Amino acid sequence: MARSLDLLQGTLDPLVLKALSWGPRHGYAVASWLRETTGDRITIEDGALYTSLHRMEHRGWLEASWGVTENNRKAKYYTLTARGRSELALAEGRWAQYAEAVSLVLGAKR
Amino acid sequence: MSERPKRDELELPDRPRPVQDEVDDELTFHVDAQIEDLVRQGHSRRAAEAEARRRFGNLGAHRDRLLRLDARNRLRVRRLGWLADLGRDLRYALRGLRRSPGFVLGVVTILGLGIGANVAIFRLIDATLLNPVPGVRAPGELHELTVTSLPYPRVERFARELAGLEVAGYRVRTLAVSAGAQAARPEQVALVTGGYFSTLGATPALGRALGPGDDAAQTAAVAVVSHDYWRRALGGRADVLGQSIRVSGSPLTVVGVAEPRFRGLRVFETPEVWVPAHAWPLVRPSSMARLDIDREGWGWMTAFGRLQPGVAVERVSQAAQRINAEADEAAGVPDRFRQTIVLRPAAGAAIGGGTEELPRVFALLMGAVGLLLLLASANVATLLLARSHGRLRELAVRSALGGGRGRLVRMLLAEAVVLGGLAALVGLLVYRGVADLLAAVALPGGVRLGAAGLGTNGASLFALAAVAAVTAFLIGLAPSLRVTARALSASAFGLAQRGTVRRSRLRATLVAVQVGIAVVLLLGAALFGRGLGRALSIDQGFDSSSLSAVSVELGLARYQPERALVLLRQIERETHALPGVTSASWVLTAPLVEGDGGEVETFSIQGHEADPSGNPTVEVNLVTEGFWRTFGLEPASGRLTEQRDGAVGSAVAVVSDAFVSRFLPGEAPLAAQVVFGGSSAVPIVGVVPSITYHELGEAPRPVVYLPLGEAAGGTLLGRLTLVVRGGGPQVATAVVDRIKDLDPAVAANELGPYPRLTARLLLPQRLGFGLLLSFGALAVVVAGIGVFSMMSNMVVARTQEFGVRSALGASRRSLLALALRDQVMPVAVGLVVGVAAGIALGRLASGLLYGVPATDPRALATAIAGLGVVAALAALYPAWKGSRLDPVAAIRSE
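Order-wise, the sequence lines are chains L and D.
Position 92 of the first sequence, counting from 1, maps to 92 under my numbering, and the rest follow consecutively.
Position 723 of the second sequence, counting from 1, maps to 723 under my numbering, and the rest follow consecutively.
Derived from the structure by calculation, the hints contain no laboratory data.
Every value quoted in this text rests on a predicted model; they were computed, and no experiment measured them.
Cβ coordinates follow ideal geometry from the N, Cα and C atoms, glycine included.
Hints may contain errors.
To be verified - Residues on chain D that point at chain L, a partial pick, calculated with CB under 8 Å: (1) H30; (2) G57; (3) R65; (4) T340; (5) L461; (6) F462; (7) L532; (8) A535; (9) D539; (10) F542.
Unchecked claim - To give a feel for the contact side, a few chain D residues facing chain L, derived at Cβ under 7 Å: (11) E26; (12) A33; (13) R55; (14) F56; (15) H62; (16) L66; (17) L69; (18) N73; (19) W880.
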């Protein structure tokens, strides 16, 4: 396994929102998707992931309901709400600006 | 159910699972799924478990964090949910009520009247008894020193020597006050010691208060005016400071304007001007020219003080008593004039003399309005009960769907809350109306009840909210408990039919309560009416219907006796010349006019042995010769006084027949001579019938009449009243105008027509009768509505039964009797209990009833008959309708 990066402070929420942007998923599915998508290059503790999920649920960005997996097990599914979706859009915009600014600075010739 | 319930009305929350279970389920699923995936990828079970744990991080810590997070959130959601539920209940109640605007209007009016009346009477009690000294700091610390008056030097001595009490003194007198070019008017002026304002802790609205520096001979020409006087006579201008007003003709510089609510220590005293006690030589009437404020023997001030924190009242009382005794000793005051000083809370003394009966009347009225509200609530409760029966099915559905009992009660209470809220708004209007009416009531002494200040304030709004809340609870609770108990026990739909609520003990009780309360109020009104009637039928000894009165005090305008007599005679002549006037007379003591206290003097009868227990006293009245005609008095023997009798050296007396029977029994009165003090003997030249002087129904009073003329001397400078016969209701105004033309410096006081003046004598009775009668009438109407609604509901509920009976051949009359039978009991019980309670309460008010007993048969008959007729009519109509139902339609009705 390649050496992985620590997650930048405050960036977990947008990642989780993104993970849910294709439809309802349970916590484990979100964790697996993030692991696959980053190629395991970023370390995310699963426990922290759940804190993020619950916090965003209370804020009204996510809605939770109990459902059944294809293996017929009961699991808690999270769905993006309209507010969650607009939060995600905002976060994407912020990240793009931030990344552009950082790369401008780091790529400066003089 | 006339409308399909909307979704949100039927949505009932399911009980949520514990937070802990939810979190554990979620985390267990995660870890299990992770392990299964890892095992599928080829890890051993043990390695997979270790890897899953590693990936998750500290499981225990994360779990705790989630539990805390969720628990906090759950709480917040529950609070929001409660609010949302409440909002939903209120919205639902509103929607339900909007469907029956007539019902709402009726209920809100009935309750609004009850609530408004309660708040108005509460405010009256608040202003006069609970919080009677407004505009001062910590009124609870203020105490009055005895009720009798003290000399100025004595008050100052208390102020210097009495430890633990900050002492000041004051006296309110009516003096002639004018501002700018305006004519002088009689106003209340308070003469105060230097410590008055600081002791009261009253800060002025403008300028400064009076202080110790003002209370000295050289600096005393200053005044603080009341907020009201400032607005009324000084135009409410900010540059009033430094201007001067005239009191008794002397200019005083205005240095301050008092705070609006401030009026000193007495509820019914309304001083317009405060001046230092040392301004006395500037403002005193010429009749009191020899009285100086430093005189030890002249008691005229009321002393009061502020108790220092932590000091016992008894200690200060004893110290005050000691100082007073020393001062009496030093001044050589005879034993029988010495007084005992006690400290009394200023709030208790604030209601003042002449109005002692008011607290009792207020208490009575508070009880009456309380009963009225209880009646209104009972009535509305029956209406709501009837309404909710119509909704039984809906409620059964709700409870069957799992609506908790608490939630159902809350839904019904929400309806009561909405009604209570609307009623509070109506109540506010009613309160303002009643307070305005009460404020206009004239009290003994000519002050209006409004002087106590009955306007809307924090206390009245708080009372309004509290009364409305209690009312909402009362009207909502009974129906809620009743209906839900039924709805829950009868959740099987078939049982929740109207037939099951045929006889409701609760509703019968409510009707009995209404009838009982209505009887109490009606009986109270009848008793007061009888008392008032008895008081009014008392023979006053003279016909007061076309009399009017005006008073003056010429000493205030610095007259001397000779000039005063000239002016008085001139006023009398010009009054006599006014159209319609048949006679007019100056009198020292005008019969039945408040404030004309009556001069009492000790006397002896020449030739009689001296009474060992001291000389007797008699009331002396000085009158001009027109008096006899004005009051329609003919001599029983001898002659009446004439104008020439008033000259110096030709004194004669006329006495009342009560004087003869008391002091000259079996003697020839016309041969007797009366001796006052050290003066020469006055022969009795005539005897006249006794007339009423001070109170209706008083015992015939011994009176000596002396001529009011040159010989009267200083009496001509004191307060005298011109009594006029004829001339119509405006004659007093015309006389005041004439006096103003003759001398603008004379402040004439328009007392007005006699019937209005004497009305004050019976104020408590009139107030009690007027208010109890309105409350009683309202109560009877409301109770009638209650009986009517109970009857109507019963008839509707028994429609089928009546149909069956009718079809089986029951006569209309027997059906009518059947329908009425259920009503007789509650009405009868209410009547009996109400009469008993009414008699008990009537006993408490016996002092106000002029000897009418609480068991007065006519009052009882009036009350019972009044209520009985209304109740019978209210019950008969629906019963009659029920007896005439078409049997076929009735049987099919459900």
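We went through each hint and held it up to the structure:
1. H30: 5 Å, holds
2. G57: This interface hint holds because 4 Å falls under the 8 Å limit.
3. R65: 6 Å, holds
4. T340: 75 Å, violated
5. L461: For L461/D, the interface hint is violated, since the closest Cβ of chain L sits about 39 Å away, which is over 8 Å.
6. F462: 39 Å, violated
7. L532: 70 Å, violated
8. A535: 75 Å, violated
9. D539: 86 Å, violated
10. F542: Not OK, violated: F542/D not within 8 Å of chain L, min 87 Å.
11. E26: 5 Å, holds
12. A33: 4 Å, holds
13. R55: 5 Å, holds
14. F56: Status holds, d = 4 Å.
15. H62: 3 Å, holds
16. L66: At 6 Å from the nearest chain L Cβ, L66/D passes the 7 Å test, so the hint holds.
17. L69: Constraint on L69/D satisfied, holds at 5 Å.
18. N73: Holds - the Cβ of N73/D comes within 7 Å of chain L, reaching about 4 Å at its closest.
19. W880: 62 Å, violated
When the structure is compared with the earlier hints, violations turn up for hints 4, 5, 6, 7, 8, 9, 10 and 19 and for no others.
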